[in-house]
Amino acid sequence: MIYLEDIFVCLAVPLIIAACLLKGETRRFLVFFSLGLLACLLSAHINSTLAAAVFNNGCASLTMRQAMAQVTPICEEVMKTLPVFFFMARGPKRENIIAASLAVGLGFATFENCWYIIEYGSADFLYALTRSFSAGLTHAVCAAILGWGLALTYGCGRLAVPCAFALLCATSTFHAIYNLFAAADGAWRIAGYILPVITAGAILFFSKWPGKETDVKQE
Amino acid sequence: MDTLETLDFISYIVGGVLAAAWGILSFWRARGEKDGSLLFYLLSGFYACVLMCDIYYLLTWVVEDYPFVLSPGDLSWVGGLSFLITAALGLADQWTPGQREAAKKYRLPALAAPAVCIAFNIAYITIYPEIIVNYLLYAVPTVILSYFALWLFLTEHMGSARHNMRIYHLAVLIWLTVQLFYDLFSTLGMDYGYAVPFEICSWLLTLTTATIYFAAKKGAGA
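Each protein sequence line maps, in turn, to chains A and B. For the first sequence, counting from 1, position 45 maps to 45 in this note's numbering; every step adds exactly one. Position in the second sequence (first residue = 1) + 1000 = this note's numbering.
Since the hints were made in silico from the structure, they are not lab data. Just to be clear, a hint being listed does not mean it is correct.
[As the list claims (entries may be wrong)] Not close to chain A: a few residues of chain B, all C-beta gaps over 12 Å, as computed:
hint, residue
1, I1013
2, A1030
3, G1090
4, K1104
5, I1127
6, P1141
7, T1177
8, L1184
9, W1203
[Claimed, not checked] Between beta-carbon pairs, the in silico distance windows are:
hint, chain 1, residue 1, chain 2, residue 2, range
10, B, T1096, A, L129, 52 to 58 Å
11, A, I198, B, A1115, 21 to 27 Å
12, B, L1004, A, V78, 36 to 42 Å
Glycine included, each C-beta is placed from N, C-alpha and C at the ideal position.
All chains should be built: construct the whole structure from the sequences, respecting the hints.
Structure below.
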């Protein structure tokens, strides 16, 4: 039996104390990293409740594993997005949205990695390494895509709402695709482990964040 | 796997490859602009969503032996529609005050598009009420997008102002129309399996998805 709240306290308390002592961008990063930890804790509870609800309602005759596979990515991505939405409502700078989103994603990935390492044992280094470069990176990639996309339409008024929804759908599907790959066997699973690495590589390659002015080119 | 099922499988693979190609092209073009072109960034998001929808559908086929009726893959399609809605709103924001004034008179005629979409969706729900959630999930963004696409098309086509993007709006409208028929044949085929009209629509959908990029490129380059 793993007590997730205990893991959360161990990870979050030092960070929150450090955030109280620091200022500026470092403080913001620590706060959003802690919010990522909290998002992971909450989504762990909500996932199982929602999946059980879907399973018990006999929705499309899914098994419990399939119900979890359907619900988990959507729930986790929504939970990761909420702190960024609240931050955006405060009118931050465009660059800070990307940093905040990444911090939430990294916090989420850290908490999930700690949880899985405690649950499945820390003796297998290969498992830890694979998990870091697959599931951990998936959260970071989703957070980067979301942050970048939100920054793109930030300040464009009514464009921000449908774009945010579209990004949420896109990141949820990316996450779901990774989960499907990881649930398979053999070559499919390996492809799943490689998917976030390739996507992260592509993001690094194209990592020219949107400038201050964005416009729809017409003429 | 029978012939039609194989054709369907291939259409998803071809659709995915094309979506990846147009997505990369859209992104590349957007990056080439001085301050970034929002339209092409949004189109790359749209193509990424189409690609992910195809991948998810094929993966559930391979991993789970059959595709889910309602899944995150469907959410990806909704995401794609939302990217196009954002693009439509962005293009409308570029209008001059004169164009905005002229656009007002096309608001009412533009309601014809959502009316058609709603009629089709009522038909789907009547034929196959078991997956009403799926239909509603698709219907809402489709109705919104169809309204904006027709409104923007009418304004640019009939109005006296710039006409650059009308071909883009027309491409979106054609794509939506094909999607409506694709969904109709998909609904009719729920009980009878794959059919030739469904396959034709499936390939037409792949084709018209690609035309959206070219229409945007032509409009932007005009």
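Going through the hints against the structure:
1. I1013: Fine: 15 Å to the nearest Cβ keeps I1013/B off the interface.
2. A1030: violated (9 Å)
3. G1090: Since the minimum Cβ distance to chain A is about 4 Å, G1090/B lies within 12 Å and the statement is violated.
4. K1104: Its Cβ never comes within 12 Å of chain A, the nearest being 17 Å, so this holds.
5. I1127: I1127/B is indeed farther than 12 Å from all Cβ atoms of chain A, at 18 Å.
6. P1141: Contrary to the label, P1141/B does not stay out of reach of chain A, its closest Cβ about 8 Å off (not over 12 Å).
7. T1177: holds (21 Å)
8. L1184: Holds: least Cβ distance 21 Å, greater than 12 Å.
9. W1203: W1203/B is indeed farther than 12 Å from all Cβ atoms of chain A, at 23 Å.
10. T1096/B x L129/A: 52 to 58 Å: holds (57 Å)
11. I198/A x A1115/B: 21 to 27 Å: For A1115/B against I198/A, whose Cβ atoms are near 44 Å apart, the range 21 to 27 Å is violated.
12. L1004/B x V78/A: 36 to 42 Å: holds (38 Å)
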